[in-house]
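Enquirer: All chains should be modelled from the sequences, with the hints used to inform the complete structure.
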Amino acid sequence: MSSPIAACACRAIRDRSSQRVDVMYLQLDEEQTLIRQSAREFLAQAFPSERARAARLDPRGIDDALWRQMADLGWMGLVVPERYGGAGASFLDLAVLLEEIGHASMTGPFFSTAVTGALSILYAADEPQRRSLLPVLARGGLKLALALDTQRAGFDLSTVSVRATNSAGAPRLYGAALFVADAAAADILLCPAIREADGALALYRIAPDASGVSLSAMPTIGGAHHYAVELTNVETAAADTLGQSTETADGLQRALSEAAVAKCAEMVGGAQRVLDTAVAYAREREQFGRPIGSFQAIQHHCVNMLMDLECARWITYKAAAAIDRGALEPSLVAKAKICCNEAYRRIVRLGHQVMGGIGYCEEHEMPLYFRHARMAETAFGDVDDHLEVLATQLLGDKSPAVTEQAMKGAAS
Amino acid sequence: MSPGRRILDFELASTPEERAFQRRLSDFLDRELTEEVRRQHPLDLGLGPEGREFMRRLGAAGFLGIGWPEQYGGVGGSIAMEIILSQEFARREAYLPNSVARLMAGPVILRHGSERMKCEFLPRIAAGEVEFGLGYTEPPAGSDLAAMQMRAVRDGEYYIINGQKVFNTQSHFADYHWLAARTDVDAPRHRAISLFVVDQRAPGITINPIHTLGGERTNAVFYDDVKVHESRLVGEPNRGFYYMIEAIEHERLMLSQNIRLRNFLDRLTNYMRTALRDGAPLAKHPAARQRLARMEAELEAALCFEAHALFLLREGKTIESEGTVVKLVGSELRQRFAYDALDILGAFGRLEEGSKWAPLMGEAARMSRATVIETIGGGTSEVLRNVVAYRGLRLPRDP
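Line by line, the protein sequences give chains A and B. In terms of my numbering, the first sequence has 375 at position 130, counting the first letter as 1, and numbering is strictly consecutive. In terms of my numbering, the second sequence has 252 at position 246, counting the first letter as 1, and numbering is strictly consecutive.
Calculated from the structure, these hints are not laboratory results. For each residue, glycine too, the CB sits at the ideal point set by N, CA and C. Hints are all accurate, no fakes.
Partner residues aside, some chain A positions facing chain B, computed with beta carbon under 7 Å:
| id | residue |
| --- | --- |
| 1 | 524 |
| 2 | 545 |
| 3 | 547 |
| 4 | 556 |
| 5 | 570 |
| 6 | 580 |
| 7 | 584 |
Expert: Set out below in structure tokens:
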């Protein structure tokens, strides 16, 4: 634990429901700047874009040596509280690290483990389970995937269709979950399911190689990381139920909301890389006898990227700070994801435009970011999903009259 | 949170002093800012007698001259309070009087003016007694300000000034003209401009109205052998262009008005909750719902970045192009808002104030007209993008 990140993560002993500090402060602090610099340097060396291209097509995403290094840097348990063996860092610290993950275009099980997985256990498992799982995760000894059955990739718990049969103590699971990120890399699948006994949402842990579990690849624009997880009469033991089902839905929803903010940070980092790359290229590349960056058309593209990037970045930081303050509103998650999705899409498009033909080649790094943007923008809710969340908050449900009628019809 | 770490705070007022200032200002505005005064700016852009009186009370209550030295009528306080002042007016969709004197003329006089000039003008600005109008733009010098042709020729103790300004928006009610004119014909054009404080009613000045799409009156101002005493030259001769642009990022930030949209968006949302479109609730209209939600998201993001830029300003950090980016984002956002509102409101959105059918008192229609200038005035979006490209992104200049 000699790296700057590990060192600062160790100093940062904090609980995320912390008191408010009484001075306006709106820039990254020294520790966050340090996290950024050291992560940028580490990833530039350990995960250059050649490796990002290879990792994209590798179902396991990251090799064991790199995973071990990342764990040694304290990344796996960055936001896991210290009492569970984590670094207890702030969510904004995690956001800064995820920006660098996005900047390096690192796909694979880091996000599903250190973000979605860790948060799901933190909020939806019970205390003994947290004590047994999280320290192993923080040490790098556990990879997780959330087999949340939804075609909206982790947005909406109401679409869960996996069922848990009513066999006392040890239910059996059946059903399917699509678009499960990093299922093939995971040691444990976290699988939310509806209990047939009472219709409640419960969370189960299952082994990907357990009898009745079948993984089939769903090749995407992003690569080889998504799987259909099909469950046929999968046995669970009593200890495989995580947490109390009265708390599962709220806990998972909280994990998904925070994961959405984390995904925003990853997108901001990817967008920053696209802008950096385009600006560097525009300074050097000459056409018509001068650097293309001296042409106003190119300059304006770059400035449009910067405008989008700054807005996306600061709304993401606001959401991360709200998590640290214990006051994350669902509407802020929605706003952040809408802005990041739209900003990243426009930034990648303009990046391609500035880079010209070279950016269209797979050997260039631009395709990595195009692919990342396409996958990230559907993860944890797309623009339309979140617009509807916001609209419902502002204007009420889109069709309450129909719903009431339907309910009356169902009752009669 | 461990000791020494701070959570990001997006509230403008954060210290006890700043919160007390904000409360005091808010109480003052609840009491003194009448609807009539609030609307003088968008309706006519003149300060009538009520507006003048309001400005004096604002000064008397100690809200002008924030951070200026006491000997020049200043009231102490921090730049954070200056920010709170301008944001609180914007939040109420009100016109904060005398921005030229408060943000441009006053600070430049403070930095570069003679002792005599400081004593003559700063206390009266801080007391809310005098209004300045901006005199930069000319027919041949819009975005390219250094191309200005107005000439100021030395004649003994005086300068004789001739030429024409245009789009000088406050001249018909301002007391003084914050005037840029050419004082050297041989030097490179940026090093040949000087700033003057000219009595706006001096003999030889003709002010002709120009009426705009947004409903604001602006002016063409003609100088015909106008005699200005050398004591009204600001700082050194031929340094005026540098005085004009030295604090431009600061000015762009202080003029940011994004929070104005908060009130507008709340009113639009309230309207949508009860209004019908073609007999069905507008609140259920899918496209209208999406437009409204996107407006919320985009406003929040713009305000978040603006808050960061304001933080840099109040902490005295280096600002390379953040003020310009805030201006670009905000001006284009307000235009989009106007069109989104028009689209949500349909035919009724086109109704002007005065029609009994006009939603939001015709604000969407007015806003769509008035925001046309926002991406033009104070630097066109195109010129500002050039500025950000070479100052913020270090791209090579267009030769």
